[in-house]
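Novice: Here are the chains, one letter per residue:
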Amino acid sequence: MVGKHCADMEQYFSSYIDGSLDDETKALVEKELLACEDCQKKLSLMQAIRQTAKSMPEIEVSDTFKSSLHERLLAEQAAKETRKNRFVWSRASGFVAVAAVLFLSVMTLSSLPEHPELTSEELTKQQAVETKTEDEDTAYSVSKGGAQKDVQQERSVMASENNKNTASDTPPQVNETPSQLTEQADAAMTAAETAQHEPCAPGALRENETENGVTAKNVSIENKEILHYYFSQDGFLEAQKILCAYEAEGEAWAVPIDAAEQVELALKGLAGYKRKEAKTEAIQIEQEENESVYIVLHAAQ
Amino acid sequence: MSENEQELLKRCQNGDMKAFEILIEAYQKRMINYCYRMLGNRSDAEDAAQEVFVKVFRFIDKFSGDASFSTWLYKVASNVCLDFLRKHKKPEHQTMSLYQTNSDGEEFDLHIEDSTYSPYEQLKQTEAQRALALALDKMSAEHKNVIVLRDIHGLSYEEIGRIVGAAEGTVKSRINRARQQLQKLLEKDRELFLTD
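Here the protein sequences line up with chains A and Z, keeping their order. Number 269 in my numbering belongs to position 269 of the first sequence; there are no gaps in the numbering. Number 155 in my numbering belongs to position 155 of the second sequence; there are no gaps in the numbering.
You can trust all of the hints, since none of them are fake.
For lysine-lysine, the following DSS-like pairs were computed, each having C-alpha atoms within a straight-line distance of at most 30 Å:
(1) Lys-89(Z) / Lys-138(Z)
(2) Lys-172(Z) / Lys-87(Z)
(3) Lys-188(Z) / Lys-26(A)
(4) Lys-41(A) / Lys-138(Z)
(5) Lys-89(Z) / Lys-172(Z)
(6) Lys-10(Z) / Lys-66(A)
(7) Lys-18(Z) / Lys-80(A)
(8) Lys-66(A) / Lys-18(Z)
(9) Lys-18(Z) / Lys-29(Z)
(10) Lys-188(Z) / Lys-31(A)
(11) Lys-62(Z) / Lys-80(A)
(12) Lys-31(A) / Lys-54(A)
(13) Lys-66(A) / Lys-87(Z)
(14) Lys-54(A) / Lys-41(A)
(15) Lys-54(A) / Lys-29(Z)
(16) Lys-18(Z) / Lys-62(Z)
(17) Lys-26(A) / Lys-41(A)
(18) Lys-172(Z) / Lys-29(Z)
(19) Lys-10(Z) / Lys-29(Z)
(20) Lys-54(A) / Lys-124(Z)
(21) Lys-124(Z) / Lys-184(Z)
(22) Lys-54(A) / Lys-138(Z)
(23) Lys-188(Z) / Lys-54(A)
(24) Lys-62(Z) / Lys-29(Z)
(25) Lys-184(Z) / Lys-172(Z)
(26) Lys-62(Z) / Lys-66(A)
(27) Lys-10(Z) / Lys-80(A)
(28) Lys-87(Z) / Lys-54(A)
(29) Lys-184(Z) / Lys-31(A)
(30) Lys-184(Z) / Lys-138(Z)
(31) Lys-188(Z) / Lys-89(Z)
(32) Lys-172(Z) / Lys-54(A)
(33) Lys-188(Z) / Lys-41(A)
(34) Lys-54(A) / Lys-66(A)
(35) Lys-26(A) / Lys-172(Z)
DEER-style ranges, computed between Cβ atoms:
(36) Arg-86(Z) / Ser-20(A): 23 to 33 Å
(37) His-88(Z) / Asp-22(A): 36 to 46 Å
(38) Gln-77(A) / Ala-67(Z): 17 to 27 Å
(39) Leu-28(A) / Lys-184(Z): 18 to 28 Å
(40) Gln-77(A) / Glu-127(Z): 41 to 51 Å
None of these hints come from the bench; they were simulated from the model. Glycine residues also receive a C-beta, built at the ideal position from the N, C-alpha and C atoms.
Can you make the complete structure from the sequences, with help from the hints?
Specialist: This is the structure in structure tokens:
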């Protein structure tokens, strides 16, 4: 019959066979083993099982496995390229929008009588110099708008996967007319405005709006890829606004995997001088039909 | 990581798929066998191991090198297998096949060649391995995971902690509980494990 004393000793057997007990406890266990046959039997079985575990047979890597893996990697590489290109075009569209705003500003300035001696090119240079001297907050707000616009664009791409003519898939045009540029700039500004005013209050996620079949309220972030970001309090609030484009809530956001890279860059760009520490921890990637990455924000004090 | 591996890793992070295939060559067998012990059959194990490598390839540019590449692989593999087990939970009465499947899909009886054992001892060892495989299949996924990582793959508490995302103390007590559970499951087969 196993006494209470034996049951107490048993808890040390695992650490004993791993050699991780301190000297005092190890001596105690060994003393007990000398005195108790039942404990000896239990320990010897545990050791024997461990020995058997070490000797478990292994299977070899088959040629089928290698060729099949090669095919899957090729497919993944192609998918990576697609994501990268989509991101580049999306960023390029952002730059076009900023350029359009600058262009319109230059056009306006060139019509003013204060600088009749300057060409539009010289005016552009002057404008660029003036932009550099703007204070940090102004520069930040431009960056924030651009980042949020990207999220909005990516979201619209995700929402219309089969539509190949979405705005972010369209390469930027270099020879637009001023009116086309005005339209583009307006669209970009509207997108940024929309993203800024996206509802983010608790409960914004409705029951029928789900990520991977579960609402964000019930989403489990265990065993998913989780990206952790650490922001100052201000940066945290700004980052929340960006992630609100995905209509999740709380500190964890489920983001479609295709958009993850872009969101990550947007957050980094946004944080700029406000981020205290950024840590990316790739734990695991949930890869079902609807893939997603979970982004967790932390407000650093 | 060796210098060669670091060089390969850099190339992978620049999108070189060939470099990735060279880099993972040395880890393929380990990953397949880890998945095999977790999932109990070759077909699922190969599928899971492929998923592991594809995921690692997708996120290779996020690998900072803070942990070892091997630990990162185990971490992804552990999550893939635990996820698989959660999604394909078996009814309690169902047990795994006693037979192994070769690469052509043919079933054969498990047989281990080991010249250090007599035929009787070989048979006994084979039976013990079978009993252990069956017992592992009856354990919870989390307990099975720590047994496979610690006792079959020989990883340290620290490495397991990184893989399962737990502190060393937690890992230690989880291993302890898992071994005690395993011991109870195998008590009826103790004569297979202990020498005469």
